[in-house]
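One letter stands for each residue in the lines below.
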Amino acid sequence: MKYEPTLKTRREFLRGTVLGSALSWTVPSFLANTFATLHAAAADAPTQPVTGKEATILVVLQLAGGNDGLNMVVPFGDDHYHRARPQLGISARAALRLGEGVGLNPGMTGLKELYESGHLGIVQGVGYPNPNRSHFRSTEIWQTASDAHRFESTGWLGRYFDSTCNGCDPAVAVALTRQMPQALAAKQPRGICFSTPENYRFIKADQVRADELDASEAIYRKMNEAGEVAAEASGGTIEMLNGPAPHAGSPLDFIERVALDAQVSSDEIRAITSKAQNQATYPGSRLAESLKLVGRLIGGGMATRIYYVSQGGYDTHTNQAGTHTRLLTELADALKAFVADLKAQGNFERVLIMTFSEFGRRVAENASGGTDHGAAAPMLLLGNRIKAGLLGRYPSLAPSDLLNGDIQYTVDFRCVYAAVLESWLKTPSVPVLGRRFTPLAIV
Amino acid sequence: MLKPLSSDRWNATTAAHLLNRAGFGGPPREIQQLVALGPERAVARLVDFEKIPDATPNPGWARPDPERRNKLQAFRRADAEQRRELQREERRQQREQMTELRHWWLGRMARGPRPFQEKMVLFWHGHFATSVDKVREPYLMWRQNELFRRLAVDHWLRLLVETGQDPAMLIWLDQARSRKQHPNENFAREVMELFTLGEGHYTEKDITEAARALTGWSYNRETQQFVDRPALHDPGVKTVLGRTGRLQGRDVLEQIVAQPQAARFITAKLWTFFAGQPPSEALLTALAASFRQHGNHFKPFLRVMLRSEEFYDPALIRTQVKSPVQWLAGTIRMLETELPPPQLSGILTRELGQDLFAPPNVKGWDGGLSWITTNTLLARYNQAALLVQGSGAARSGGRRKPRQAGRGPMPRPRPPALQIEVTRLFSEAERREPGALIAALGSRLFQTELKANQQAALREYLDSQGVLDDDDILGAIRLAMSTPEYQLT
Chain A
217 MKYEPTLKTR
227 REFLRGTVLG
237 SALSWTVPSF
247 LANTFATLHA
257 AAADAPTQPV
267 TGKEATILVV
277 LQLAGGNDGL
287 NMVVPFGDDH
297 YHRARPQLGI
307 SARAALRLGE
317 GVGLNPGMTG
327 LKELYESGHL
337 GIVQGVGYPN
347 PNRSHFRSTE
357 IWQTASDAHR
367 FESTGWLGRY
377 FDSTCNGCDP
387 AVAVALTRQM
397 PQALAAKQPR
407 GICFSTPENY
417 RFIKADQVRA
427 DELDASEAIY
437 RKMNEAGEVA
447 AEASGGTIEM
457 LNGPAPHAGS
467 PLDFIERVAL
477 DAQVSSDEIR
487 AITSKAQNQA
497 TYPGSRLAES
507 LKLVGRLIGG
517 GMATRIYYVS
527 QGGYDTHTNQ
537 AGTHTRLLTE
547 LADALKAFVA
557 DLKAQGNFER
567 VLIMTFSEFG
577 RRVAENASGG
587 TDHGAAAPML
597 LLGNRIKAGL
607 LGRYPSLAPS
617 DLLNGDIQYT
627 VDFRCVYAAV
637 LESWLKTPSV
647 PVLGRRFTPL
657 AIV
Chain B
431 MLKPLSSDRW
441 NATTAAHLLN
451 RAGFGGPPRE
461 IQQLVALGPE
471 RAVARLVDFE
481 KIPDATPNPG
491 WARPDPERRN
501 KLQAFRRADA
511 EQRRELQREE
521 RRQQREQMTE
531 LRHWWLGRMA
541 RGPRPFQEKM
551 VLFWHGHFAT
561 SVDKVREPYL
571 MWRQNELFRR
581 LAVDHWLRLL
591 VETGQDPAML
601 IWLDQARSRK
611 QHPNENFARE
621 VMELFTLGEG
631 HYTEKDITEA
641 ARALTGWSYN
651 RETQQFVDRP
661 ALHDPGVKTV
671 LGRTGRLQGR
681 DVLEQIVAQP
691 QAARFITAKL
701 WTFFAGQPPS
711 EALLTALAAS
721 FRQHGNHFKP
731 FLRVMLRSEE
741 FYDPALIRTQ
751 VKSPVQWLAG
761 TIRMLETELP
771 PPQLSGILTR
781 ELGQDLFAPP
791 NVKGWDGGLS
801 WITTNTLLAR
811 YNQAALLVQG
821 SGAARSGGRR
831 KPRQAGRGPM
841 PRPRPPALQI
851 EVTRLFSEAE
861 RREPGALIAA
871 LGSRLFQTEL
881 KANQQAALRE
891 YLDSQGVLDD
901 DDILGAIRLA
911 MSTPEYQLT
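Residue numbers (my numbering), protein chains in the order written: chain A, 217 to 659; chain B, 431 to 919.
So that you can see chain A by itself, here it is in the shape it has in the complex (with noise of 0.2 Å):
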């Protein structure tokens, strides 16, 4: 197993300006412009430098579930829709209109708000050849971005660090999931993932006597110094406190560093979600409270290219229509606070905000006024610098045109990467998405 210079430079880095003075772990601010500036060899990569605190930021939503695209944007003037939807179809009075025949949900006027003030781009008739209906496989498809019939362990944004990152912070990805999204799965796993900030740390036990509880986590700290920087920091001396050093490339060398990569993200982390200040209110819900920390940690400066969070409910097989509109109004209500955050903050022109969902649901509804798996459904895109309104173009509802019930995609999602990816990160799609997809005009 390969462990290429990025750690070695990297400890040499952490021996120069940290370990220099004193042996501690309370690293001030880790790393806070990109490593590659600070070391010739990484300068010379031909992409934008992969951490920073001025670079774009990409913000993924996954809507967990499968997410009904059609009542969330709305083909209200299709008479094929209310055919296929005689009690769940929304009327054209309800729709919130963005244009000829389509529409908003009518929970979603904190998006319509944005879509008039020209922050939203929604891209129409998204999925892939040959959809999948499990959840389990559509999304690993939508993950890892592998045509259907294959399988791939790494997840796109996870081929992106690898394909341009080198030695950069660890917190460079931030998934404020239970589990790292596989979407972020890598050769050289990068970023991190806590649901809580305050768990993404060395956890004290439970004692009585107050004065335990510092000793233990001091203890842990020296318990976890990497070999060689402690040696090499003590003078290499007899001192050599630590005995021999793990080899470069040794699996104890590449825990030890993710060991400071923890740590140091987790101080960091705690730091600034301690004192970071939101600018705007958010709503209550579990959503809204991902995207405030997601502001939170943004307007504090940290280094993250890439957050990840999630809202889950969108798997309506039974009554859908009072749930779908509560879900959709929450993710409104959210990112509308969310921009207005970012706004006041002044970092709204930095941030891309990129959902999707495993698939969107059969076009007709079923007998329980639901709908079941389908195929095919709209993205939403964020930001300021968006190119706004109807990307794309609206698939047939025509049963003719339909594929088993399902709307047929007219966009590949992997064109929507591969324009993020370009647009928007400035890196080449071709190495992260394994072959050319045509970027979609986004920006």
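Any given hint could be a false lead.
What the hints assert, rightly or not - Calculated lysine to any residue pairs in the SDA-like style (CA-CA distance at most 25 Å, straight line):
#, chain 1, residue 1, chain 2, residue 2
1, B, K564, A, H589
2, B, K564, A, S379
3, A, K403, B, L799
4, B, K564, B, A504
5, B, K793, A, S379
6, A, K438, B, Q895
7, B, K564, A, N346
Said to hold, decoys possible - Have a look at the derived ranges for each label pair, beta carbon to beta carbon:
#, chain 1, residue 1, chain 2, residue 2, range
8, B, G675, A, R394, 51 to 57 Å
9, B, K481, A, N620, 53 to 59 Å
10, A, R394, B, G798, 20 to 26 Å
11, A, D617, B, D495, 40 to 46 Å
12, B, A882, A, R394, 36 to 42 Å
Claimed, not checked - A few chain B residues that face chain A, going by a derived Cβ cut-off under 8 Å, partial list only:
#, residue
13, H557
14, Y811
15, G820
16, L918
Quick caveat, the hints were computed from the structure, so don't treat them as lab data.
Think of the CB as a built atom: it goes at the ideal place given N, C-alpha and C, for glycine as much as any other residue.
On the provided structure of chain A, position chain B as indicated by the hints.
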């Protein structure tokens, strides 16, 4: 190549290596027993597991459902509302049974008398990675698990045939839906790509022809058994990997196993699983030759492998990242205690990235360094606290309310998930004297000495506690588990 390790290299380090890799590790006493046996008999103790009785009772529901037929009929007759209710009930039951099943298997790994057999079951589960997310029925997942146990070190062809006809696999890779008019290629493809040969050692044509030969292998939902349905089988002539004829499913698997590449593929994977690193080309050639020489039987091959000098290469010792399951089961064994309660044990490994019976995809877990991320590493450190000391917040997702001064009593710490008898693990002198305790922690948890700076840090911690009590010792165990070294075996 593959010469048996000489007896003069047999010591606590090599014996511990064997127990860690061919099992889930164990306390110093058990390592000493293996040292005393000598290498030949120590390997036999693990590999000839059938000589050791294992009386683990099966879960009560682990049998074909006698009410199955009635249930399916009732479901067919039910209206939409009733169906939803039946499905809800079914899902609730499935969740409960899966919790029980995970605990049952973890218990066998963490406490059972046949660690090597369970290690092989874990290998086969990762190899034929089948997920309950699609299969749904806990009984079928248990049944596949039992198949891996029964044939853990059996014959490659027999294992492949029985796995191919295993109901969970028939569902997982859609073989149950394959018929001559529309052969489903999923199983045919994965069996060559992921289970036996690897990419580049077959053609697309081999897959389509194999899929035709495999038609007819099906699943009877009512009896929950494999069934061969001649009416669905394509009886025509096919050519697979150079063999032509009116091939059937078994013929395909026979032809696969006859390929030299099949021996290389599976022995490389076994070596990597046990040794922690892929074999060199020369070693792989020797491994594959040994496997074929033993007629594609796993047991004699594995005995040679675990006995070989190469397996005890010092560069391999304590360099393998523990899988979450190894981490948990090994901790239980080294601390000589019981698994945490069912609701907790499965959640623990899942949070560390290994949800038993639900591998991420048909490739299984990537393993190795990919187990370790900042998040899972902190989770391991914090789970150590939860297991050993009890804690208010060590489980991620459990949001702790901030404690406010002057409002109510101090919250009581959550009791530890493991009952650890400090007096059983450490002598009186070790419990009293920090230096002795640190040495004992090293040999119990790492089978070696801790690094000097870690010893010094632990010393500082223990010295600051005054007269040592059990809580201090548990605190030291947790700290020792919260190190990079403890993540390796």
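Right, here's what the structure says about each hint:
no.	hint	result
1	B:K564 / A:H589	holds, 15 Å
2	B:K564 / A:S379	violated, 33 Å
3	A:K403 / B:L799	holds, 9 Å
4	B:K564 / B:A504	holds, 23 Å
5	B:K793 / A:S379	holds, 23 Å
6	A:K438 / B:Q895	holds, 17 Å
7	B:K564 / A:N346	holds, 19 Å
8	B:G675 / A:R394: 51 to 57 Å	holds, 52 Å
9	B:K481 / A:N620: 53 to 59 Å	holds, 56 Å
10	A:R394 / B:G798: 20 to 26 Å	holds, 23 Å
11	A:D617 / B:D495: 40 to 46 Å	holds, 43 Å
12	B:A882 / A:R394: 36 to 42 Å	holds, 38 Å
13	H557	violated, 15 Å
14	Y811	holds, 6 Å
15	G820	holds, 7 Å
16	L918	holds, 6 Å
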